[in-house]
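Undergrad: Spelled out from the first residue to the last, the chains are:
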Amino acid sequence: MRVFALPSMNLRFVPVWRRNLLVWRKLAIPSILGNLADPLIYVLGLGYGLGSMLPEVGGVPYIAFLAAGMVCSSTMNSATFESMYSAFSRMHVQRTWDAIMYAPVDLDDVVLAELAWAASKSVLSGGAILAVVWLLGLSSSLLSLWVIALLPLIGLTFGALALAVTAMARSYDFFMYYFTLVITPMNLVCGVFFPVEQLPAAFQAIAAFLPLTHAVAIARPLLLGHIPSDIVFHVLVLLAYAAAGFYAAAILFRKRLLK
Amino acid sequence: MAVLEAHNLRKSYGGEEVVAGVSFGIQAGECFGLLGPNGAGKTTTLRLCLGLTAPGGGSIELMQRPVPGEARPARARVGVVPQMDNLDPDFTVSENLLVYGRYFGLTERAIRERIPELLEFAGLTARAASQIQALSGGMKRRLTLARALINDPDLIFMDEPTTGLDPQARHLIWERLKQLLARGKTIVLTTHFMEEAERLCARLAIMDRGRFITEGSPRELILRHIEPHVVEVHGDGVMDWTDREAGKLASRLEKSGDTVFCYAADPAPLLASLSRLQDLRYLHRPANLEDVFLKLTGRELRD
Chain A
1 MRVFALPSMN LRFVPVWRRN LLVWRKLAIP SILGNLADPL IYVLGLGYGL
51 GSMLPEVGGV PYIAFLAAGM VCSSTMNSAT FESMYSAFSR MHVQRTWDAI
101 MYAPVDLDDV VLAELAWAAS KSVLSGGAIL AVVWLLGLSS SLLSLWVIAL
151 LPLIGLTFGA LALAVTAMAR SYDFFMYYFT LVITPMNLVC GVFFPVEQLP
201 AAFQAIAAFL PLTHAVAIAR PLLLGHIPSD IVFHVLVLLA YAAAGFYAAA
251 ILFRKRLLK
Chain B
260 MAVLEAHNLR KSYGGEEVVA GVSFGIQAGE CFGLLGPNGA GKTTTLRLCL
310 GLTAPGGGSI ELMQRPVPGE ARPARARVGV VPQMDNLDPD FTVSENLLVY
360 GRYFGLTERA IRERIPELLE FAGLTARAAS QIQALSGGMK RRLTLARALI
410 NDPDLIFMDE PTTGLDPQAR HLIWERLKQL LARGKTIVLT THFMEEAERL
460 CARLAIMDRG RFITEGSPRE LILRHIEPHV VEVHGDGVMD WTDREAGKLA
510 SRLEKSGDTV FCYAADPAPL LASLSRLQDL RYLHRPANLE DVFLKLTGRE
560 LRD
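Residue numbers (my numbering), protein chains in the order written: chain A, 1 to 259; chain B, 260 to 562.
FYI, nobody ran anything at the bench for these hints, they're computed from the structure.
Heads up, the beta-carbon is just placed ideally off N, CA and C, and yes, glycines get one too.
Errors might be hidden in some of the hints.
[As the list claims (entries may be wrong)] Far from chain B, some chain A residues (derived; all Cβ distances over 12 Å): (1) 41; (2) 55; (3) 252.
[Said to hold, decoys possible] The following label-pair restraints were derived from C-beta to C-beta distances: (4) 267(B) - 232(A): 54 to 64 Å; (5) 143(A) - 272(B): 52 to 62 Å; (6) 240(A) - 458(B): 57 to 67 Å; (7) 170(A) - 558(B): 34 to 44 Å; (8) 366(B) - 148(A): 25 to 35 Å; (9) 95(A) - 376(B): 24 to 34 Å; (10) 29(A) - 474(B): 55 to 65 Å; (11) 316(B) - 33(A): 47 to 57 Å; (12) 267(B) - 32(A): 49 to 59 Å; (13) 41(A) - 390(B): 28 to 38 Å; (14) 430(B) - 240(A): 55 to 65 Å; (15) 25(A) - 267(B): 47 to 57 Å.
[As the list claims (entries may be wrong)] Here are a few chain B residues that sit away from chain A, every Cβ distance over 12 Å (derived from the structure): (16) 283; (17) 288; (18) 289; (19) 380; (20) 389; (21) 398; (22) 441; (23) 475; (24) 501; (25) 507; (26) 512; (27) 524; (28) 530; (29) 543; (30) 561.
Make the full structure from the sequences, and use the hints.
TA: Right, here's the structure in full:
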């Protein structure tokens, strides 16, 4: 088995993706509501509560500032959660992947399907928050429609990174490290709740390397009605993280499952 | 026509050879049994044949295609019933079949047409809309078998298909496997139930420590390796009796706990000796595959 070969990209992933879709469809409403509740509480609680004590942030009311951060952050969380807990259940607990691989479907196809599924589900979560943002009148620019195109990219980026973590996980406990050491700090230093410029220089330098910073840097101007600067650069950073995460995941899953 | 051929197959994990130079060929329409204690290398051999892991050495052809190179297209003609049930717990019985058929690239229509026939074969017609959690162990096994048949495979791998089932469920699975053989399917079966192997397999190999230690039909193996009669003796004083008399009357003795297995071509002298003793209980029976298995792989536990 060529462990370090580039992952094969093939439409054989589609039936596996459809399997996950069919499971999700059975629980769609509670799943969307569940995904919506947490970020909604943040937007409303912090946005109106904390926001009422704050002057404008970055030239806009705090809740309008926070909206872009929450869209990106909940998309990231959703993709991460799906790629870790749910994918791990299918791979390790239910042995669903084993069953799929008796059919003419390869491990690479399964991994691609998991990535595509995590991205799809995160688009639903991020899209739900985006809809709330529009309904609350926090963004009225037509430019904000472009955020819909950004969501799958955020989903692919964080889905791929989390799959690489899943490939190394021995149990669910392992995922707590990733959430505590990677996801939570990113939520704090990448401009979700406050501008990156508020951080000490050293943290700003770290934030510049983190993918969530680049997602927020695209989403926030779009929601506030301007064209983001350096958009190509930000997109390339996200694509690079997605590609590196997916390649690492493919290698690690092959080492784990095809040994 | 060979549907599966392996030549000098090897596989090591961490310096330990789990499959240590195994060769075999399986012809279309036969039922080949792979027997062995736990850890003998049976499941690894199956995984190698399916191209789910790369061999350390040797070559495999599955459905006339080299494996692992062309394992994926080869698997399109193959069905697998794994040792552990891995049905989709989120789906109903028929959804399990539908979703599985899609993995083979079958059209929605082709799968839906096939499902009733498979459910009937598995005796699950009335359970089409049941959740997996509501099925008994035997039903799950039959559904796993039906799932393995969704692509109408020529060759079916079955890894311990009746482990953990009650006798009724086991007999039903055997019945279905015989039907599949009658339809011309090829079956490769791993098991450690000797009775299962004797009933189903025209040819079998006993595997231990990564090697095939013998190969042939169940009858041939019994004739080749073991005396035709067995007398199992236990009770107070069995060891005295063994030392005093059995050693002279049986051609071979095996002790296991407080039971003595006496193997003999002619059991009459043994039985005559036992009939004079009140305290000893005994069972006289023809030798079977299990005797061969235990003789060749030993009586100590394997975990």
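Undergrad: Hints numbered earlier in the text: which of these fail when held up against the supplied structure?
TA: none
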